[in-house]
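Colleague: So you can see what is in the structure, the chains are spelled out below.
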Amino acid sequence: MHLLIAVVNDPEKIDEILSGYLELGIRGATILNSEGMGRVLSHDIPIFAGLQTLISRSRPQNRTLFSVLEDEKIEPALALLQEVCGDLTAPATGIAFTLPLDRVVGLARELGDDQDGL
Amino acid sequence: MRLSDYLREDLILHRLTAVDGAEALDAFASLFEEGGHIPSRVEAVQALAAREEAHTTCLGRGVAIPHATLPGLPDPLLLVATAGAPVSFGPPESDPVDLFFVLLSPPGREGEHIKLLARICRLAQHPEGLDEVRGATDGKALLEAILRLDSRHV
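Residue numbers (the working numbering), protein chains in the order written: chain A, 1 to 118; chain B, 119 to 272.
Bound conformation, chain A alone:
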């Protein structure tokens, strides 16, 4: 199991990403409103205020998604993120990374496992 953390710079992409997560059978994700370093520097620290280099890469808010995934879902999830957000190596798109997990308790079950009904 891995923790996938994705910081998505464009909050409008979240709907499409979450739909894609559902398609992949990823039932759970935690989404936080977040701010990038450039935004904080350029708005809150006077010496950096107004610097275009920082402003051009920042948005008022981004979103950070946390998801615990089975190993086989990591590559499809990264492919999805890059399809929706664009090439993540391009500036101002986002970042995604994974961390191996030793233990997980409380993970939501796979879609359909629990026969919830619609």
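Simulated from the structure, these hints should not be mistaken for lab results. Keep in mind that a hint or two might mislead.
[Said to hold, decoys possible] In silico SDA-like cross-links for lysine to any residue, where the CA-CA straight-line distance does not exceed 20 Å:
#1 K73/A - D87/A
#2 K13/A - E230/B
#3 K73/A - P100/A
#4 K73/A - E230/B
#5 K258/B - R133/B
#6 K233/B - P76/A
#7 K233/B - P100/A
#8 K233/B - L78/A
#9 K258/B - D44/A
#10 K233/B - A29/A
#11 K13/A - P209/B
#12 K13/A - V272/B
#13 K258/B - S122/B
#14 K233/B - D87/A
#15 K73/A - I31/A
#16 K73/A - L3/A
#17 K73/A - H271/B
#18 K233/B - K258/B
#19 K13/A - G178/B
#20 K233/B - R39/A
#21 K233/B - R126/B
#22 K13/A - R39/A
#23 K13/A - R270/B
Note that the structure is predicted; figures quoted are calculated from it, not measured.
Knowing the structure of chain A, use the given hints to seat chain B on it.
Modeller: Positioned in the frame of chain A, the structure of chain B alone reads:
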């Protein structure tokens, strides 16, 4: 998840003519019935209408996904329809609908059903692909346009 695994030539409806949602649901159920896919047209209409009444399935931008669980099906069924003229569908404040993805699944396949809904929702966020689907000149072209849209996305 690919729509291509569920699309069928005989469940494509090009240029539906319906004056309202009730007529549209009846047309969808009739097509399912004509193909021998469902045990009862009436039950299908009732199931789709009940879901619509509980929560609209309109996505906006002229797209709706009427869907329901229906006993007696071996597998989920997907019907795609374009309307000759936009149909008043869902609550009054909803945009008229000219592109329908109709999904019926048997009980016990909820996970697959939700994944299909998610796939359709995701594809529906690409207006250029939807325009291509809407512009199809016949059923064959409509099916091909959906398959192209489906294949362009992971």
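Colleague: Now tell me, hint by hint, if it's right for this structure.
Modeller: Right, here's what the structure says about each hint:
Restraint check for K73/A and D87/A: the C-alpha separation of about 19 Å stays at or below 20 Å, so the hint holds. Pair hint K13/A plus E230/B does not hold up; C-alpha atoms about 23 Å apart against a cutoff of 20 Å. Only pairs whose Cα atoms come within 20 Å are accepted, and K73/A paired with P100/A is accepted, the gap being roughly 13 Å. Restraint check for K73/A and E230/B: satisfied, since their Cα atoms lie roughly 16 Å apart, inside the 20 Å limit.
A distance of roughly 12 Å separates the Cα atoms of K258/B and R133/B; the hinted pair therefore holds under the 20 Å criterion. Taken as a hint, the K233/B and P76/A pair is honoured in the structure, with Cα atoms around 14 Å apart against an allowance of 20 Å. For a cut-off of 20 Å, the pair hint linking K233/B to P100/A is broken: about 26 Å separates their Cα positions. A threshold of 20 Å between alpha carbons decides the hint, and for K233/B with L78/A the separation of about 18 Å falls inside it, so the pair holds.
Only pairs whose Cα atoms come within 20 Å are accepted, and K258/B paired with D44/A is rejected, the gap being roughly 58 Å. A hinted pair counts as satisfied when its Cα atoms are at most 20 Å apart, and K233/B with A29/A qualifies at roughly 16 Å. With a C-alpha separation of about 26 Å, the suggested pair K13/A and P209/B falls outside the 20 Å cut-off, and the hint is violated. With a C-alpha separation of about 15 Å, the suggested pairing of K13/A with V272/B holds against the 20 Å cut-off.
For the proposed pair K258/B and S122/B, the alpha carbon gap of about 14 Å is at most 20 Å, so the pair holds. Between the alpha carbons of K233/B and D87/A the distance comes to roughly 25 Å, so the proposed pair goes past 20 Å and is violated. A C-alpha spacing of about 19 Å is found between K73/A and I31/A, which places the hinted pair at or below 20 Å, so the restraint holds. Proposed proximity of K73/A and L3/A is supported: the alpha carbons are some 11 Å apart, at most 20 Å.
Distance check on the hinted pair: K73/A and H271/B sit about 16 Å apart at the alpha-carbon level, within 20 Å; holds. Taken as a hint, the K233/B and K258/B pair is broken in the structure, with Cα atoms around 25 Å apart against an allowance of 20 Å. Between K13/A and G178/B the CA atoms are separated by roughly 17 Å; this keeps the pair inside 20 Å, and the hint holds. A C-alpha spacing of about 36 Å is found between K233/B and R39/A, which places the hinted pair above 20 Å, so the restraint is violated.
Between K233/B and R126/B the CA atoms are separated by roughly 18 Å; this keeps the pair inside 20 Å, and the hint holds. This hinted pair checks out: K13/A and R39/A have alpha carbons roughly 19 Å apart, not beyond 20 Å. The straight-line distance between the Cα atoms of K13/A and R270/B is roughly 17 Å, inside the 20 Å bound, and the hint therefore holds.
Hint compliance for this structure: hints 2, 7, 9, 11, 14, 18, 20 are broken, all remaining hints hold.
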